[in-house]
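Number of protein chains: 2
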Amino acid sequence: MSDQMQRIALASRPTGAPTAENFSFETSVLPTPGPGEVLVKLHYMSLDPYMRGRMDDAKSYAAPVAIGGTMEAGAVGEVLASNSPAFQPGDFAFGMFGWVSHGCLPANQLQKVDPNQGPITVALGVLGMPGLTGWYGLNEHGKPKAGETLVVAAATGPVGSMVGQLAKRAGLRTVGIAGGADKCALAVETFGFDVCLDHRSYADAAALREALGAACPDGIDIYFENVAGKVLEAVLPLMNDFGRIPVCGMISWYGGAKGADADLTAPMIWRNILVKYLSVNGFIIMNHFDQYPVFMKEVAPLIASGEIRYLEDIAEGLENAPAAFMAMLKGGNMGKQIVKLV
Amino acid sequence: MSDQMQRIALASRPTGAPTAENFSFETSVLPTPGPGEVLVKLHYMSLDPYMRGRMDDAKSYAAPVAIGGTMEAGAVGEVLASNSPAFQPGDFAFGMFGWVSHGCLPANQLQKVDPNQGPITVALGVLGMPGLTGWYGLNEHGKPKAGETLVVAAATGPVGSMVGQLAKRAGLRTVGIAGGADKCALAVETFGFDVCLDHRSYADAAALREALGAACPDGIDIYFENVAGKVLEAVLPLMNDFGRIPVCGMISWYGGAKGADADLTAPMIWRNILVKYLSVNGFIIMNHFDQYPVFMKEVAPLIASGEIRYLEDIAEGLENAPAAFMAMLKGGNMGKQIVKLV
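Sequence order for the protein chains is A and B. Heads up: the first sequence begins at 1 in the numbering used here, then just goes up one per residue. Heads up: the second sequence begins at 1 in the numbering used here, then just goes up one per residue.
Please keep in mind that the hints were generated in silico from the structure rather than gathered at the bench. Some hints here could point you the wrong way.
As the list claims (entries may be wrong) - The calculated lysine-lysine pairs, modelled on BS3-like cross-linking and capped at a C-alpha distance of 27 angstroms, are:
1. B/K145 with A/K143
2. B/K143 with A/K145
3. B/K330 with A/K143
Construct the entire structure; sequences and hints are all you get.
Here it is as structure tokens:
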């Protein structure tokens with residue numbers, strides 16, 4: 001066992017898309033767990049779009065990552081040492097360790113993961129924060145009703161694929177949006193979307209709107225928002241009266257909107273909310289971890305039985321996390337993006 | 001009793017602010033009530049900002065008024081003839097008659113008004129659609145809690161003054177926005193706002209935001225939206241986490257936004273909704289008339305006792321309705337705008 005650990009720090013703030021220069025690979029001494037803390041050797045870490053937001057120096061859910069600070073991430077691994085009776089060496093645990101090879105956290109910030117119940121990677125995706133985000137946002141703010149129509153983008157990602165599958169099980173027509181023919185085929189064949197549109201096939205929001213209109217002959221009742229930009233502009237005029245828009249992300253606008261989406265103005269948004277009596281709710285799952293046991297009780301059996309499916313895209317090595325992250329932001333991943341650390 | 005009636009029709013659609021040429025004064029034969037219908041001679045009609053939206057040829061709550069069609073309005077008056085057992089000549093009734101001297105409506109579209117319970121004009125304002133709008137939007141979507149801070153514009157109007165008084169009674173800090181020193185004094189002295197800001201005193205949204213920040217030291221929990229534009233731009237960055245924005249109007253944007261509010265972009269709205277977990281709900285009171293008895297039971301006694309106050313601005317004569325309407329859209333009225341017809 002090494003006396004050292006590795007981490008990836010924020011070297012500088014990106015303008016627009018992150019580049020390799022925004023990250024630095026650092027080596028430091030392995031930390032010693034303090035009172036009540038647990039030392040974990042991480043096996044897998046998660047890469048998610050929200051991390052892009054943390055790289056900006058702007059008010060968000062949480063304080064931004066400081067320059068020189070460790071990039072944030074959820075990660076899962078094996079306990080090496082514990083100063084808490086709740087964890088023993090050899091146990092597996094999930095926590096917000098960051099982009100690191102090892103980390104210490106207080107035991108009450110960790111969740112035990114049972115490696116005999118299936119691959120521990122699911123704690124990062126379908127049974128982790130992304131899965132909980134889709135489940136919570138759809139049920140709490142989407143309020144799905146059988147016979148309605150739902151639209152979600154990033155349809156093959158860990159949030160979109162959960163939303164689509166849960167909505168389909170609830171009796172809704174599900175229309176996905178994804179980037180590329182291969183992802184669209186995956187959305188329909190693996191995740192059961194009724195239709196999936198390739199946003200790259202449409203030159204602008206108007207063209208995408210026309211295709212969405214054809215795919216949603218009864219209009220759109222729920223738009224699960226995780227991308228904003230062109231998709232939002234295409235969707236808004238198609239929303240039905242009393243429609244719902246849960247907002248958990250806006251990946252196309254992280255780092256600022258670059259003069260695109262010119263017809264998507266503040267008055268257009270506000271007018272649609274008013275004249276169609278829309279309910280628009282922003283949320284971030286860290287405020288709703290109290291719902292985790294309810295989610296697990298309902299969804300874990302559906303994962304075990306294969307009734308809800310998931311897909312993972314696993315990169316190798318902490319040193320490759322920045323490249324995997326940058327590729328993911330451009331849609332290069334196929335399924336939940338994870339980094340294997342050991 | 002004349003055999004004729006008068007009405008005001010939409011002569012042409014306005015571009016921006018309406019002008020006298022957009023209206024025409026018409027005389028026609030007094031209608032005869034059909035089966036189940038009631039003929040009413042109107043005494044008072046209501047003028048409200050939503051009517052501006054109806055003049056545009058665009059999707060709104062309802063179909064726009066057709067060229068040559070009668071302008072819409074709620075009005076209250078005396079029954080002249082009735083083909084329904086529910087109404088007798090001499091009864092008073094409220095209904096959506098329009099800008100007219102007389103009108104026929106089915107009895108089931110009318111509400112009886114008791115002239116012995118107070119002035120019949122309250123059926124157009126504090127105990128009519130504007131009062132119900134404020135009460136419903138505040139309770140259903142604003143979810144006020146004691147100790148929170150509420151902001152509402154058009155604070156001396158029939159919706160804003162109801163919202164402010166109900167919120168104050170619920171233990172909130174209430175901050176109004178109005179146009180002019182006289183309205184601001186009225187808001188504080190008559191309607192009990194803790195502070196009222198004169199939006200005309202602030203050159204732009206940034207200056208208004210600074211004043212609002214000082215008036216709301218604990219941030220804003222509820223922004224009751226009826227104006228949009230500069231006020232919305234000033235308010236959004238001051239919203240607290242888990243804030244609520246009921247949206248019942250956007251008077252500053254009717255007829256289109258004129259290149260103002262340049263910093264109020266779609267991404268700014270969406271980002272605030274996301275990172276502060278806001279709940280934004282559009283609504284229009286015509287979908288919630290089933291709540292009217294609940295409202296009356298709760299609020300009518302508070303009007304009778306003087307615990308909730310109201311103010312009316314009464315213009316004289318149907319022929320002067322267009323001028324009163326145009327003045328109201330520019331903030332020229334003081335209290336609920338009504339037109340006396342007889």
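Status of the hints after comparison with the structure:
1. Taking the CA atoms of B/K145 and A/K143, the gap is near 24 angstroms; set against the 27 angstroms cutoff, the hint holds.
2. Using a Cα cut-off of 27 angstroms, the hinted pair B/K143 and A/K145 holds, with the two alpha carbons roughly 24 angstroms apart.
3. At most 27 angstroms may separate the alpha-carbon atoms for a hinted pair to count; B/K330 and A/K143 exceed this at roughly 40 angstroms.
When the structure is compared with the earlier hints, a violation turns up for hint 3 alone.
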